[in-house]
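Let's have the full structure, built from the sequences with the hints guiding it.
2 protein chains.
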Amino acid sequence: MAQRIGKQTLLLISSPSIIGYAAVGAKQEKIGPLAGYFDYLSDDSSFGEKTWEKSEIFLQKKAIELALQKCGKKEEQMDYLFAGDLLNQCISSAYVARELQTPFFGLYGACSTMSESLCLAGMFVDSKLAEHCIAATSSHFCSAERQFRYPLEYGGQRPPTAQWTVTGSGACVVASSCKAPFLRAVTIGTVTDFGVTDIGNMGAAMAPAAAKTITQFFQDTATKPDDYDLILTGDLGFVGSRLFERLMQEDGYPLANIHNDCGLMIYDRSKQDVHAGGSGCGCAASVLCSFILPQIACQRLKNVLFMATGALMSPTSTQQGESIPGIAHLIHLSAFPYQEEVK
Amino acid sequence: MAQRIGKQTLLLISSPSIIGYAAVGAKQEKIGPLAGYFDYLSDDSSFGEKTWEKSEIFLQKKAIELALQKCGKKEEQMDYLFAGDLLNQCISSAYVARELQTPFFGLYGACSTMSESLCLAGMFVDSKLAEHCIAATSSHFCSAERQFRYPLEYGGQRPPTAQWTVTGSGACVVASSCKAPFLRAVTIGTVTDFGVTDIGNMGAAMAPAAAKTITQFFQDTATKPDDYDLILTGDLGFVGSRLFERLMQEDGYPLANIHNDCGLMIYDRSKQDVHAGGSGCGCAASVLCSFILPQIACQRLKNVLFMATGALMSPTSTQQGESIPGIAHLIHLSAFPYQEEVK
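Those sequence lines, one after another, are chains A and B. One gets the numbering used here by counting positions in the first sequence from 1 and adding 106 to each. One gets the numbering used here by counting positions in the second sequence from 1 and adding 106 to each.
No lab work stands behind these hints, which were simulated from the structure alone. Be aware that one or more of the hints could be misleading.
Simulated pairs of lysine-lysine, PhoX-like, Cα-Cα distance not exceeding 20 angstroms [said to hold, decoys possible]:
id, chain 1, residue 1, chain 2, residue 2
1, B, K285, B, K179
2, A, K176, A, K285
3, A, K179, A, K330
4, A, K180, B, K113
5, A, K179, B, K113
6, A, K113, A, K377
7, A, K377, A, K136
8, B, K113, A, K234
9, B, K408, B, K133
10, B, K408, B, K330
11, A, K180, A, K168
12, A, K113, B, K180
13, A, K168, A, K179
14, A, K179, A, K234
15, B, K234, A, K113
16, B, K113, A, K113
17, B, K156, B, K133
18, A, K285, A, K408
19, A, K133, A, K160
20, B, K285, B, K156
21, A, K234, B, K234
This structure is a prediction, so every number in the text was calculated from the model and none was measured.
Shown next, in the form of structure tokens:
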């Protein structure tokens with residue numbers, strides 16, 4: 107049974123586990139530094155499909171299938187699927203759900219979706235609303251470019267602050283179990299807007315939301331950055347990460363060397379032409395499910411604060427001169443369940 | 107604490123209440139038969155805003171403000187906001203959430219969003235994940251036409267099966283209380299696709315999902331249509347409603363005269379030029395929050411199955427030749443809490 111602590115944080119007292127997880131990527135991810143940790147990588151970013159949207163459906167479905175396979179569970183055992191993506195009307199997730207036949211909660215949290223879905227899955231299992239939940243999300247470079255910026259054929263030039271949408275997906279199966287990684291606490295974010303209007307600089311638009319959520323978490327739990335091995339943001343990229351660290355310094359929580367960003371980890375910016383780093387729902391999802399969760403499982407990382415961030419604008423709101431609102435949801439992932447720590 | 111019954115249904119044993127609710131509409135809703143039950147109606151569908159998207163933000167915010175006001179609660183007391191809408195990247199809900207500062211779960215369930223948000227709010231309160239939640243959604247005729255079909259200026263002709271997107275919003279505040287309406291049970295839907303590809307006939311695309319969810323609910327709870335005063339679908343319209351009733355007849359659950367559809371109630375099809383009836387997230391939401399909930403509160407209606415339905419396609423998936431997947435989530439609303447009935 108979850109227990110509220112402070113203003114905005116819930117302790118998941120039973121500490122549900124991520125019993126299965128998988129990460130899927132394509133060409134750009136395959137030449138990145140985390141390639142060896144992915145469960146499935148393809149040289150063909152179309153995955154043999156006829157449209158980029160269908161390719162994205164393929165990769166999200168693949169991640170879910172592999173996550174189920176890795177924990178020996180069947181889709182019929184799953185009580186709920188929490189999923190969303192970046193495309194208009196979240197079609198990747200809807201068409202994946204059509205094939206799965208699992209009761210489906212469609213989400214929209216932009217690039218914060220991996221956090222949003224994982225928080226809900228953890229809360230549902232902890233409070234016995236469900237026994238098994240899937241949390242998943244995906245993004246595809248080509249479908250996202252068409253959706254948010256220009257069709258690839260146009261060859262639009264990208265500013266140095268722009269990020270590269272990850273062609274990838276991550277999926278987690280959450281259930282009660284005595285094996286790490288455990289979900290220990292969640293802090294659901296509020297929408298924060300510092301007035302950034304440059305859609306070529308999403309990191310800057312999302313950084314204030316990340317700073318706000320994690321500051322609230324530290325206050326609610328009376329902990330500090332040093333209590334964790336890693337503070338992992340979703341896809342702030344180079345520009346957003348620097349801004350996030352500066353905001354945290356100003357808030358009295360200097361992060362020193364324990365902050366890293368999935369957008370900076372998935373690609374090698376010195377060799378790959380990805381400008382300010384990776385982005386997209388699939389960025390945080392695939393880095394979490396490839397590189398991070400196994401390290402928590404084997405206790406190399408003991409306590410991680412995972413916080414995917416989302417920029418909640420649309421091309422229409424941007425054209426109408428609106429600024430970009432951001433959101434960030436936080437999950438405390440641990441090698442130990444809450445109860446064990448308390449003893 | 108929720109209790110699973112059958113395959114897909116959860117009984118909300120503590121039976122949370124909808125302690126506050128409000129419905130907002132515009133010009134077309136003001137000349138409809140339910141006008142007298144709305145909390146706020148405007149002759150100006152722009153609500154004084156410069157763009158249709160900003161008008162939709164205004165109306166969703168207004169519904170939430172009125173729902174809070176009617177139960178004497180403040181937004182600071184709300185633990186979570188569950189909201190979504192039809193626009194790309196769900197901007198109406200995101201920009202409303204920016205003003206509210208309530209921890210925000212962004213949803214995408216197309217026109218099923220009122221059910222999806224209300225189910226989550228009920229499950230959260232029942233399992234003590236939250237004390238107070240807001241469930242809300244909205245749609246706007248003009249922003250939806252631009253999004254899904256043609257800009258209004260184009261003057262595209264609509265087929266007789268087409269429905270008219272409601273310019274409206276509904277919001278519910280859910281909490282523990284001893285006053286009706288109570289949330290007694292929920293059945294979360296799976297995605298169902300019968301292969302309909304005509305985006306001018308969404309009712310037909312959604313009807314199979316509604317039939318599937320409610321059949322599952324009857325099986326899970328061992329009840330039948332006669333046990334309820336009203337079975338209320340979201341926005342199947344004229345064509346979809348006939349199809350839904352025929353499917354239910356075939357499934358062995360003839361609905362006789364207890365089925366109605368929000369899309370057929372909100373407008374007078376003999377006087378208003380709305381073709382097959384109303385649609386949009388705001389249709390089910392505003393009919394529920396204007397006409398239905400007060401009747402449950404005063405026990406004129408004792409047991410209602412509310413089921414908003416969503417069509418999960420996008421213009422892109424349609425252009426790519428994909429069929430339209432549908433989803434429907436069911437809520438059992440009652441004048442009595444679960445415990446009282448059991449005694």
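Verification of the supplied hints:
Between K285 (chain B) and K179 (chain B) the CA atoms are separated by roughly 15 angstroms; this keeps the pair inside 20 angstroms, and the hint holds. Only pairs whose Cα atoms come within 20 angstroms are accepted, and K176 (chain A) paired with K285 (chain A) is accepted, the gap being roughly 14 angstroms. For the proposed pair K179 (chain A) and K330 (chain A), the alpha carbon gap of about 37 angstroms is over 20 angstroms, so the pair is violated. Annotation: proposed proximity of K180 (chain A) to K113 (chain B) holds, straight-line Cα distance about 15 angstroms (limit 20 angstroms).
Between the alpha carbons of K179 (chain A) and K113 (chain B) the distance comes to roughly 17 angstroms, so the proposed pair stays at or under 20 angstroms and holds. With a C-alpha separation of about 44 angstroms, the suggested pair K113 (chain A) and K377 (chain A) falls outside the 20 angstroms cut-off, and the hint is violated. Distance hint between K377 (chain A) and K136 (chain A) is fulfilled; the C-alpha atoms sit about 13 angstroms from each other, no more than 20 angstroms. For the hint pairing K113 (chain B) with K234 (chain A), the CA-to-CA distance comes to about 15 angstroms; that is within 20 angstroms, so the pair holds.
Note on K408 (chain B) and K133 (chain B): the hinted pairing is violated, with a Cα-Cα distance of about 31 angstroms set against a maximum of 20 angstroms. Restraint check for K408 (chain B) and K330 (chain B): satisfied, since their Cα atoms lie roughly 15 angstroms apart, inside the 20 angstroms limit. Annotation: proposed proximity of K180 (chain A) to K168 (chain A) holds, straight-line Cα distance about 14 angstroms (limit 20 angstroms). In summary, the hint linking K113 (chain A) to K180 (chain B) is supported, as the alpha carbons are separated by about 15 angstroms, within the 20 angstroms threshold.
This hinted pair checks out: K168 (chain A) and K179 (chain A) have alpha carbons roughly 15 angstroms apart, not beyond 20 angstroms. Taking the CA atoms of K179 (chain A) and K234 (chain A), the gap is near 19 angstroms; set against the 20 angstroms cutoff, the hint holds. For the hint linking K234 (chain B) to K113 (chain A), the alpha-carbon distance of about 15 angstroms falls within 20 angstroms, and the restraint holds. Restraint check for K113 (chain B) and K113 (chain A): not satisfied, since their Cα atoms lie roughly 36 angstroms apart, outside the 20 angstroms limit.
Restraint check: the Cα-Cα separation between K156 (chain B) and K133 (chain B) comes to about 17 angstroms, which is no more than 20 angstroms; the hinted pair holds. A C-alpha spacing of about 13 angstroms is found between K285 (chain A) and K408 (chain A), which places the hinted pair at or below 20 angstroms, so the restraint holds. Only pairs whose Cα atoms come within 20 angstroms are accepted, and K133 (chain A) paired with K160 (chain A) is accepted, the gap being roughly 17 angstroms. Restraint check for K285 (chain B) and K156 (chain B): the C-alpha separation of about 40 angstroms exceeds 20 angstroms, so the hint is violated.
Using a Cα cut-off of 20 angstroms, the hinted pair K234 (chain A) and K234 (chain B) holds, with the two alpha carbons roughly 11 angstroms apart.
In the structure shown, a violation is registered for the earlier hints numbered 3, 6, 9, 16 and 20, in ascending order.
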